[in-house]
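Protein chains in written order, with this note's numbering: chain A, 5 to 456; chain B, 5 to 456.
One or more of the hints may lead you astray.
The list makes no distinction among identical chains, and a pair is therefore deemed to hold if it is satisfied within one copy or across any two copies.
List time: in silico SDA-like cross-link candidates among lysine to any residue, alpha-carbon distance up to 25 Å [said to hold, decoys possible]: (1) 150 with 326; (2) 418 with 379; (3) 150 with 136; (4) 297 with 95; (5) 297 with 364; (6) 189 with 299; (7) 418 with 444; (8) 418 with 390; (9) 92 with 106; (10) 150 with 300; (11) 297 with 399; (12) 150 with 109.
The set of hints was computed from the structure by calculation and includes no laboratory data.
None of the values given here were measured: they were computed from a predicted structure.
Number of protein chains: 2
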Amino acid sequence: MTRILIIGGSDAGISAAIRAREVDPGSEVTVIVADRFPNYSVCGLPFWLSGEVADRDQLAHRTVEGLSDCGITLLLAHRATRLAPRTKRVAAVDEAGRQRMFEYDRLIVATGAVPLRPRITGIDLPGVFFLRTMGDGLALADNLTKTQPRSAFIIGSGYVGVEMADALARRGLEVTLLVRSALLKTLDPALGQVVREECVRNHVDVLDARAVVAIERGTLQRLVVRVAEGRSIDADLVLVAAGTRPDSELASTAGVSLGSGDAIRVNESMETNIPAVYAAGDCAQTLHRLLGKYVYLPLGTTAHRQGRVAGENAAGGSARFAGTIGTQVVKVFDTIIARTGLVEQEAANAGFNPRTAEIESVDHKAYYPGATRMTVRITADDTSRRLLGAQMIGHYRAEIAKRVDVLATAISAKWTVDDLVALDLSYTPPVSSPWDPIQVCAQEWLGVRPKR
Amino acid sequence: MTRILIIGGSDAGISAAIRAREVDPGSEVTVIVADRFPNYSVCGLPFWLSGEVADRDQLAHRTVEGLSDCGITLLLAHRATRLAPRTKRVAAVDEAGRQRMFEYDRLIVATGAVPLRPRITGIDLPGVFFLRTMGDGLALADNLTKTQPRSAFIIGSGYVGVEMADALARRGLEVTLLVRSALLKTLDPALGQVVREECVRNHVDVLDARAVVAIERGTLQRLVVRVAEGRSIDADLVLVAAGTRPDSELASTAGVSLGSGDAIRVNESMETNIPAVYAAGDCAQTLHRLLGKYVYLPLGTTAHRQGRVAGENAAGGSARFAGTIGTQVVKVFDTIIARTGLVEQEAANAGFNPRTAEIESVDHKAYYPGATRMTVRITADDTSRRLLGAQMIGHYRAEIAKRVDVLATAISAKWTVDDLVALDLSYTPPVSSPWDPIQVCAQEWLGVRPKR
Numbered sequence: 005m006t007r008i009l010i011i012g013g014s015d016a017g018i019s020a021a022i023r024a025r026e027v028d029p030g031s032e033v034t035v036i037v038a039d040r041f042p043n044y045s046v047c048g049l050p051f052w053l054s055g056e057v058a059d060r061d062q063l064a065h066r067t068v069e070g071l072s073d074c075g076i077t078l079l080l081a082h083r084a085t086r087l088a089p090r091t092k093r094v095a096a097v098d099e100a101g102r103q104r105m106f107e108y109d110r111l112i113v114a115t116g117a118v119p120l121r122p123r124i125t126g127i128d129l130p131g132v133f134f135l136r137t138m139g140d141g142l143a144l145a146d147n148l149t150k151t152q153p154r155s156a157f158i159i160g161s162g163y164v165g166v167e168m169a170d171a172l173a174r175r176g177l178e179v180t181l182l183v184r185s186a187l188l189k190t191l192d193p194a195l196g197q198v199v200r201e202e203c204v205r206n207h208v209d210v211l212d213a214r215a216v217v218a219i220e221r222g223t224l225q226r227l228v229v230r231v232a233e234g235r236s237i238d239a240d241l242v243l244v245a246a247g248t249r250p251d252s253e254l255a256s257t258a259g260v261s262l263g264s265g266d267a268i269r270v271n272e273s274m275e276t277n278i279p280a281v282y283a284a285g286d287c288a289q290t291l292h293r294l295l296g297k298y299v300y301l302p303l304g305t306t307a308h309r310q311g312r313v314a315g316e317n318a319a320g321g322s323a324r325f326a327g328t329i330g331t332q333v334v335k336v337f338d339t340i341i342a343r344t345g346l347v348e349q350e351a352a353n354a355g356f357n358p359r360t361a362e363i364e365s366v367d368h369k370a371y372y373p374g375a376t377r378m379t380v381r382i383t384a385d386d387t388s389r390r391l392l393g394a395q396m397i398g399h400y401r402a403e404i405a406k407r408v409d410v411l412a413t414a415i416s417a418k419w420t421v422d423d424l425v426a427l428d429l430s431y432t433p434p435v436s437s438p439w440d441p442i443q444v445c446a447q448e449w450l451g452v453r454p455k456r
Numbered sequence: 005m006t007r008i009l010i011i012g013g014s015d016a017g018i019s020a021a022i023r024a025r026e027v028d029p030g031s032e033v034t035v036i037v038a039d040r041f042p043n044y045s046v047c048g049l050p051f052w053l054s055g056e057v058a059d060r061d062q063l064a065h066r067t068v069e070g071l072s073d074c075g076i077t078l079l080l081a082h083r084a085t086r087l088a089p090r091t092k093r094v095a096a097v098d099e100a101g102r103q104r105m106f107e108y109d110r111l112i113v114a115t116g117a118v119p120l121r122p123r124i125t126g127i128d129l130p131g132v133f134f135l136r137t138m139g140d141g142l143a144l145a146d147n148l149t150k151t152q153p154r155s156a157f158i159i160g161s162g163y164v165g166v167e168m169a170d171a172l173a174r175r176g177l178e179v180t181l182l183v184r185s186a187l188l189k190t191l192d193p194a195l196g197q198v199v200r201e202e203c204v205r206n207h208v209d210v211l212d213a214r215a216v217v218a219i220e221r222g223t224l225q226r227l228v229v230r231v232a233e234g235r236s237i238d239a240d241l242v243l244v245a246a247g248t249r250p251d252s253e254l255a256s257t258a259g260v261s262l263g264s265g266d267a268i269r270v271n272e273s274m275e276t277n278i279p280a281v282y283a284a285g286d287c288a289q290t291l292h293r294l295l296g297k298y299v300y301l302p303l304g305t306t307a308h309r310q311g312r313v314a315g316e317n318a319a320g321g322s323a324r325f326a327g328t329i330g331t332q333v334v335k336v337f338d339t340i341i342a343r344t345g346l347v348e349q350e351a352a353n354a355g356f357n358p359r360t361a362e363i364e365s366v367d368h369k370a371y372y373p374g375a376t377r378m379t380v381r382i383t384a385d386d387t388s389r390r391l392l393g394a395q396m397i398g399h400y401r402a403e404i405a406k407r408v409d410v411l412a413t414a415i416s417a418k419w420t421v422d423d424l425v426a427l428d429l430s431y432t433p434p435v436s437s438p439w440d441p442i443q444v445c446a447q448e449w450l451g452v453r454p455k456r
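Just need the whole structure built from these sequences, with the hints factored in.
Right, here's the structure in full:
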């Protein structure tokens, strides 16, 4: 009977646990969970904090009972404190501070990530929040309920920053969103600009400033945020959404090798450099299919897929993680923005010869009610015509995300732009056009040049 | 200067004309259009007849002026009467009966299809309608406006039959839908059953009967429909939606070879057996990628793609039609049903070793408002694990069609079920789950078996 020990009870850890039990029903699977919220959808926190999700427990992908029924042993509120790979043991402490040792045959490190803490004076003041764990979410929710803040200052305009700008504006707060370089800088600037306009239209004050210098106590329990350009803004609460770094220290101390960005170095089997020790999820590196190298790109989808591979292999399988191509989507108010593959600059940096076409279109035949405008950008290599990336923006109900998924599939299949034009897609006037907008964009990219 | 003559002004003909002018701006492109509605979206007729589209002219993909601006000469209300391939000439008559001869260097036959007329006594009675051309649509619209019918009997339960059941029920008519074998028989029976329930829920009377024996005049301008099982049903109007056959007689008479179903035989360049004569759209055969043979499968998307290839090649290009995999979608009331590839029975008939998995899921995380149930079926070859087909059904707003498009892409790329599980798709709680339902279905298909 294989004893599989997993550190971390979020997406990667639980995916690994479930898959291990599936592949080897005789395995003994134990998960060390730092809090009391195993398998909660932390991606859903903004939607709970906005009030769109009524009850925090709805965020659980599965219940504790459901996981137990899979034969998984959960050690809730346990913190792993030491790995001893030579003796195949892990030390953990419970809430009362009691230490226990756990022996394993295979270990999966799925410790996730921790929020970046910019060097800002006053970042530890009451009223300054982070958003990474359920605990973070509970603390913020508690503040929202008890102090009824009227204004919020958000530091960082990545996915979490813009989602929380939406969430807090939806709750009626006056929101200031600090943009340090570019809003959603993972998009081409033109599309980032569209998201910025969507924020402004929804009464978010978008503030461009290089950095926050200090957070200070103001009057009446308020905070004062001083930014580099000499301005200061009052706010009832501050949310720091400045990105994350891998929680890899425990593993590193035990001799597990780290790679770029201090993420745990893994191979396609999700093995680390230490025998019988796997890693998966936001603590680990990710193979980027298009770049052909390992990067740090923490995403929930990747965590699930890496976890599945790690779990299968820990249970004796030989799965390979196929890698990421950076497919991502975010909803901001009524707008959906999604991307897959590389943006033009990334493609150029990677040695491709990228060229991009952009079209504006409607999501379905304009004559059928409810048609909305959408923008499609496709980047491909000008020499080989190979698809490299796509970005789309449009209305929440305009099937934007799944259109990006079609591109994700085509890019994964190493298709050319011509292959996309030739693709047999579905059509009925209420949901599309005879040439889907993605094919119209592909035709625009090709221009009048006949097919080779 | 190449003179390109095109017979037919619907999807295939106009796509060919536009592409020919793009590829060779010096070409002289003339289109013989049987009516005064070039480039109208006949797929949109049910939505105009339902009242959802206010104005019939909204159905035009492009205006006559827009087409003229592309440098295309349109001969409206002209009917081609004879092809003379040896002298490269085509005879056509205008509305006044005047005949003219047109010379060409390249000819594209895009004559479309005509409705099947079942042998039913009384099928020519006033009040019996077909729905294929804009003229058919206008005649039916005229009847709906002038006689204000309260009931309709629809013969045929394919796409047009169910769309028109929706359209006429939406207008307030009592609708009887005759099902001769199976409702939407292109789907697996279980999913056809879901569509049937959707029809019944929307007060459509679904009648199973082998055939209509006769349509007779009843009292007060009504019609009486007698069905094989001895029943008779009164209706104010009858719509015959019994399928179509290719309009290939003109070409055939001139020596153009026909294939199965009397569709014009073509190759991947959309060439017929006669030099300089191309065919495209509903009058022609279609290469089926999965079956590896030519079939008759008339669809608007295929017409556009074939037309583009024919137009490019007529203008001197060397494009190849990549074929169809039978991707289709239909909206019936608030339900979307879509398919791509082969259903299990078709796959078995084609010599595959198919196995199908079905799951029920929600379109996005259940905790986020608006989640709806959807069903996914994936068929793959049990030996090679190669994806063969998929069918999905769910709410109109649940991104069903684009999920089928992801499968269409994966099938076209000759992927296995494992490849689909490994795919990097987009995720945010309002539009999906960390494992999209299509991946959950792929995992269900794989079961607990480790990846090879």
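Violations among the numbered hints, reported as their numbers in ascending order: Of the numbered hints, 1, 4, 5, 10, 11 and 12 do not hold.
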